[in-house]
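Chains as they are written, first to last, in my numbering: chain A, 118 to 438; chain B, 118 to 438; chain C, 118 to 438; chain D, 118 to 438; chain E, 118 to 438.
Because the hints were derived from the structure by calculation, they are not lab data.
Possibly wrong hints are sitting among the right ones.
Copies of the same chain are indistinguishable here, so a pair counts whether it falls within one copy or spans any two.
Said to hold, decoys possible - Cut-off 30 Å, straight-line C-alpha distance, at most; resulting in silico cross-link-like pairs (DSBU-like, lysine-lysine):
{"#": "1", "residue 1": "K321", "residue 2": "K231"}
{"#": "2", "residue 1": "K130", "residue 2": "K231"}
{"#": "3", "residue 1": "K130", "residue 2": "K333"}
{"#": "4", "residue 1": "K433", "residue 2": "K321"}
{"#": "5", "residue 1": "K321", "residue 2": "K409"}
{"#": "6", "residue 1": "K409", "residue 2": "K433"}
{"#": "7", "residue 1": "K181", "residue 2": "K321"}
{"#": "8", "residue 1": "K231", "residue 2": "K409"}
{"#": "9", "residue 1": "K333", "residue 2": "K321"}
{"#": "10", "residue 1": "K333", "residue 2": "K433"}
{"#": "11", "residue 1": "K409", "residue 2": "K181"}
{"#": "12", "residue 1": "K231", "residue 2": "K181"}
{"#": "13", "residue 1": "K409", "residue 2": "K130"}
{"#": "14", "residue 1": "K231", "residue 2": "K433"}
Please read all numbers here as calculations on a predicted model, not as lab measurements.
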Amino acid sequence: MLINCAAYQQGVKLADLAPEEIGGYLDRPDTFVWVALRDADSAELEVYRQQFNLHPLAVEDALKGHQRPKVEEYGDDLFVVMHLIDWTGGELLRGEVAVFVGRNYVLSVRNGSKVHFLGVRERCEREPELLRQGPSFVLYALMDTVVDRYFPIVDILESELEEIEQSIFTSGAARDNIQRLYALKRRLMLLRRAVSPMLEMLSKLHGGRIPPVCAKSNDYFRDVADHLARIYGAIESVRETIGTAIQANLSMVAIEDSDVTKRLAAWAGIFAAATAFAGIWGMNFELMPELKWRWGYPLALGLIVSVCLGLWYRFKRAGWL
Amino acid sequence: MLINCAAYQQGVKLADLAPEEIGGYLDRPDTFVWVALRDADSAELEVYRQQFNLHPLAVEDALKGHQRPKVEEYGDDLFVVMHLIDWTGGELLRGEVAVFVGRNYVLSVRNGSKVHFLGVRERCEREPELLRQGPSFVLYALMDTVVDRYFPIVDILESELEEIEQSIFTSGAARDNIQRLYALKRRLMLLRRAVSPMLEMLSKLHGGRIPPVCAKSNDYFRDVADHLARIYGAIESVRETIGTAIQANLSMVAIEDSDVTKRLAAWAGIFAAATAFAGIWGMNFELMPELKWRWGYPLALGLIVSVCLGLWYRFKRAGWL
Amino acid sequence: MLINCAAYQQGVKLADLAPEEIGGYLDRPDTFVWVALRDADSAELEVYRQQFNLHPLAVEDALKGHQRPKVEEYGDDLFVVMHLIDWTGGELLRGEVAVFVGRNYVLSVRNGSKVHFLGVRERCEREPELLRQGPSFVLYALMDTVVDRYFPIVDILESELEEIEQSIFTSGAARDNIQRLYALKRRLMLLRRAVSPMLEMLSKLHGGRIPPVCAKSNDYFRDVADHLARIYGAIESVRETIGTAIQANLSMVAIEDSDVTKRLAAWAGIFAAATAFAGIWGMNFELMPELKWRWGYPLALGLIVSVCLGLWYRFKRAGWL
Amino acid sequence: MLINCAAYQQGVKLADLAPEEIGGYLDRPDTFVWVALRDADSAELEVYRQQFNLHPLAVEDALKGHQRPKVEEYGDDLFVVMHLIDWTGGELLRGEVAVFVGRNYVLSVRNGSKVHFLGVRERCEREPELLRQGPSFVLYALMDTVVDRYFPIVDILESELEEIEQSIFTSGAARDNIQRLYALKRRLMLLRRAVSPMLEMLSKLHGGRIPPVCAKSNDYFRDVADHLARIYGAIESVRETIGTAIQANLSMVAIEDSDVTKRLAAWAGIFAAATAFAGIWGMNFELMPELKWRWGYPLALGLIVSVCLGLWYRFKRAGWL
Amino acid sequence: MLINCAAYQQGVKLADLAPEEIGGYLDRPDTFVWVALRDADSAELEVYRQQFNLHPLAVEDALKGHQRPKVEEYGDDLFVVMHLIDWTGGELLRGEVAVFVGRNYVLSVRNGSKVHFLGVRERCEREPELLRQGPSFVLYALMDTVVDRYFPIVDILESELEEIEQSIFTSGAARDNIQRLYALKRRLMLLRRAVSPMLEMLSKLHGGRIPPVCAKSNDYFRDVADHLARIYGAIESVRETIGTAIQANLSMVAIEDSDVTKRLAAWAGIFAAATAFAGIWGMNFELMPELKWRWGYPLALGLIVSVCLGLWYRFKRAGWL
């Protein structure tokens, strides 16, 4: 579905175009055409494939989706894929955007995500002195927006981790914690698979050999790369902390279990002592003189109670109770 | 066993050949011979070794099998080995295909796998404008097919993992889970040993110095490399998740064990208390006035029951029951 | 907030300047202007942006803060971000300092940290023969100070680890230890996220291609890099030791738990034996001749006691008690 | 001890030589001398050191032994050390072979291993067209033999792992398994320390800059490197699987322990209930009307039995028994 | 404190010098001055700083100590720091030696270690043909000595590990083992922090670009690097084995604990059965016909004993006892 299609000269918008008018603008000096599509099908893309002379492998990737983030050079043209991560209803959903960039055109195709890029176009049109850099600036602006949208996701994951951390050392929450840590790890991995290849791909757009189409926006791509590196650092940090948290959680379970065993042992000992004494005076021997004493019963009770108290005190002091 | 042998000129099939006719086609311009063998023995390969002047080390590797995926240059010729992974009867089976590529020939030798490559030849013949690239396009088409067949394997492993994940946090499934996770890990390692060296080998076919025979199909090899990188990413992700799942499983066992210990401790305490009291009134002292009271027995029973209920309530509130 | 602004020629201070006087000094030979700001806002930075012709992306980063340590080249100018780590009230707090370095100016902007850099200026002014190197020496001096302040933090973390280690093998401290190890790990990660990217960034300032503005201070940046590498080594060492300590702690919990289970088992066995014997002589069969023996009761008591002692001795010898 | 010493011209054996005759053959065109020693001492090596002009550091290494696998260039000459791994009596034993390679000589010194290399010489003499490559082909043949002897070792370790895997999920074998896994890991590490540096060293003999003496045998060294990479892959795979197996084993111990605790808890509960009821009717209160009932005893027995059965059934259904 | 100061020409000692005589020898051809200091203070070093024109940063590092192993080039001069590890009274102690190397001088400063280097000087003077290489050979000789002293340390750590391994699978030693493994790991880390950066630093002295002052001793530095790589390999191997040993130890604790639980469960079951039966016949029902049987008591005893034996036999067979 076509969202937007316009031509820009020297960073200033010339006109909104219909797809078939594109050809007339491609050869003008300092001019490029910027097209935005959503969930495009094969037929729709075919139009632009011809207009912009796109490489069939790139078009196929854009149609099939489920690509990993990448940048590929086809001659002087670039083909870029990025992941869009939405946080909807407590879950992370992954969409994709594929961008074709040439000397005189930019074509973005968004798939499976409800997030739109209209703000990007507005922002670009407000800054014609920057948009004058051409299609590479549009690519930068799209990337910047994609990456900026990763930040709140990282924040959500980080604050979720902090929430879990608060209950790691409170007893009784272990089962819940391990479940939440596991789910958090999965979400983190999803984000990581969007960020990690993108970081690698950005290193091709600044520093070292740069595709000619991106040369002017060098500094800008480095800026995006830097933001992404920050996100990646946070992801790795959360990831390592999750690992430590799982270990700490397991330790806490073991410690609690040990405490329970101690209390079990202590009370079992106390009651077993009482029962053993009672059992002895419950024997039916005929000649058990103490059974006939006047104070036999109170003495026996007193002995049992004091043995139990003695044990109780010892266990208490040893920290078992 | 010979499956197929044909000559192609400018991407168009000239004729099916008998092995001894090959020589006549090798010097024609823009022509190459494409041979497909299955489980070839030494004698069979010897024919082609002479026709195509194959390197003895490469021929030896193709005969012996059990190679790791690799690409080797012998002068201007390439020798490529890939793993074929079949999913048969719930198990992964590994076959191999060795491909010899020269300026004017392609020879593929498939070993120990029931999957065939006839579809590849058909697809190539339908696109003569691509097949015109020569033997390197055939190599690409074979690689692409091999890699595309990894995708369903990854999907199977991923959905198996998801199935296991559903029962990780349900009690009583721990033994089964650990067994399945272990088996899954083994299968994953098998696939990984096919994919990881292949990824490394593909980096030699696109970007940087490229063997001359592959120069024209540069973009296509990059495309395969990209698919493979996607598979590798998925494998690494499954692998890390298995690690976390094993830890989570162990944690769940510990938590369940702790719960059982708590319930054991609680019930043991309740019964031990009852037994201790009963034991005391079962002693045979002569002077135990309460034994003679009218309400002695009901009072004793009541006391025992209320102590037990009291304990039960306390344990309940503490979450031990 | 402006802290300080002065011009230096040949390493000697010429004059304290008001911001608007800067322009007059920028073109003098061997002269540079050194400005220090704190928590600067957009308006304040705008003045210097114009004077020094700073790149908008760098200015934006300095204003927004929450950057990761980095060095970026904009043309011949450098933009450097470092983390400042304060140890306040038992917690690590992170501030930032952004430094803009050009041929004839240095501008530092400090955010969110109470630590100041006045000492740096004094030290530089005392060594005019070094300050003569120009802005890059100021950058070095700032970096050196930032890095030197990491050392006491590392010392604090190391001595905290040593404290924990002392109680790892004493029983009863497991819960406390795991909690402290977890907190220590978190602090360490914070420091690591300041050090690790800075180490990477410093490698761009010495050895290999060096930004021209830093060329003269090459050896000095290598010295800072070396200090930082030392800190990084210590961090990695603490990190690995924490991992081992967590494992050791878990082992100790398991060992203690095992000891408790053994003692529980031993005492339960001893009392259960006594109770069983007592129970047998408490049965009400009419024909139990031993009940009528003269020495029946003492013999029974003796038997029970000797069985218990025998068990006790055996358990003692087996190390269960 | 001298094993063999012969001169070869154009790949064909000229004569067996005494050590003092060597000098006469070193300057002939296309000729080289091949010497094989075993457990040579300082005096013996001194002869060859002079004849071949060996570097003192290399000679020292060959005498001292306990080197790690390596290849070192001394001028145009090569010094190579490899580990020999023997499987004797259920244990891995490590020997070494040091090889000096020059333009016109090969000298191999074998230490502490019963495996000999006679087969290598025979094989080389049967293929004069290959031996014509000169000393580097001899080096290749030795390497190939050493590496081929690693394969059965890997097979032994792999099948040992598979044997252990079979009993990981059967109960009662945990202690044995952990012991065997530990021993297997140690053996694997021994092999790994032979293979890993050799892999690194082989990368210096093919691809990139190659020592001139090896130039002609380039493809052959790559072939060895490929075999070694296969072995290394297998080692890493076994290593990772051992790690997972140790975890799985620990999980199984925990699961079994949990099962035992459950059964303990269940039976303890059943018997404790019976004992508590019996204890109550064993109390000596005078007014316990049920004691006088005609069916009191059978009813009591029935109650006890049914409570026990009820508990038993519940535990059974919960999977505790 | 000055230990030694002498001038060498063509590898032969000219004279012992007083510090102030140094200047007269620095300009002679093929001559260098070799000075050895111990725990030098600022004033002492100042003399040599002027004579040899040392870089202030290097002097500062040598004075402050607590450096990590490193090699730094200041112009044509080298500054090298190495760690000295002593094994004293069962503990590892770390000292340092800093070496300044120039075209015509070597200055070594040893700090905080009782080990001296006199043997190095003697050895060098005995081999003038090697010492003729100049200061770089002295540097080599010092490095070689430092590295050779690491070998016995590694041996001590390895044999300590082997000792621990012997008791890993014997029961009752777990607590001791974990403590010793932990201490061993710490010691290993200390050694590793000496070796790992030194390995990295040595790579700068052989292969690739080499500082001119070291050019002649290239092969010798490679030899040291090789020894160090061997040590590093051993360290990594011990490190990985410690990790596995900790896991194995934890497994053994769990297995032993499981065994104890089983025995506890078994004996508890046996005694509980006896007690339950005894309790039943201890009830006070009036109508319990078996109490009046002639053989009631023996039969009851027999039943109890046979139930207990039956249970005992079953538990024995199940491996619980």
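Hint-by-hint comparison with the structure:
In this homomeric assembly, K321 and K231 come within 30 Å of each other (Cα to Cα) only inside a single copy, at 29 Å, whereas the closest approach across copies is 39 Å. In this homomeric assembly, K130 and K231 come within 30 Å of each other (Cα to Cα) only inside a single copy, at 26 Å, whereas the closest approach across copies is 48 Å. In the homo-oligomer, the alpha carbons of K130 and K333 lie at most 30 Å apart inside one protomer (20 Å), although the nearest pairing across protomers, at 39 Å, exceeds that limit. With identical chains, the CA atoms of K433 and K321 are never at most 30 Å apart, being 66 Å at best within one copy and 62 Å at best between copies.
Proximity of K321 to K409 under the C-alpha cut-off of 30 Å is found in neither arrangement, the shortest distances being 99 Å within a copy and 97 Å between copies. In this assembly of identical chains, the alpha carbons of K409 and K433 never lie at most 30 Å apart, being 36 Å within a copy and 37 Å across copies at closest. For the homomeric pair K181 and K321, the shortest alpha-carbon distances inside one copy (24 Å) and between copies (26 Å) are both at most 30 Å. Proximity of K231 and K409 under a CA criterion of 30 Å is satisfied in neither setting, with 90 Å inside one chain copy and 82 Å between copies.
In this assembly of identical chains, K333 and K321 lie within 30 Å of each other by CA distance both inside one copy and across copies; the values are 14 Å within and 22 Å between. Taking the closest pair of Cα atoms, K333 and K433 never come within 30 Å of each other, the shortest separation being 75 Å inside a single copy and 70 Å across copies. For the homomeric pair K409 and K181, neither the shortest alpha-carbon distance inside one copy (96 Å) nor that between copies (87 Å) is at most 30 Å. Taking the shortest Cα distances, K231 and K181 sit within 30 Å of each other both inside one copy (18 Å) and across copies (28 Å).
In the homo-oligomer, the alpha carbons of K409 and K130 never lie at most 30 Å apart, since the shortest distance is 114 Å inside one protomer and 107 Å across protomers. Taking identical chains as interchangeable, the C-alpha atoms of K231 and K433 are never at most 30 Å apart, the minima being 61 Å within one chain and 48 Å between chains.
In the structure shown, a violation is registered for the earlier hints numbered 4, 5, 6, 8, 10, 11, 13, 14, in ascending order.
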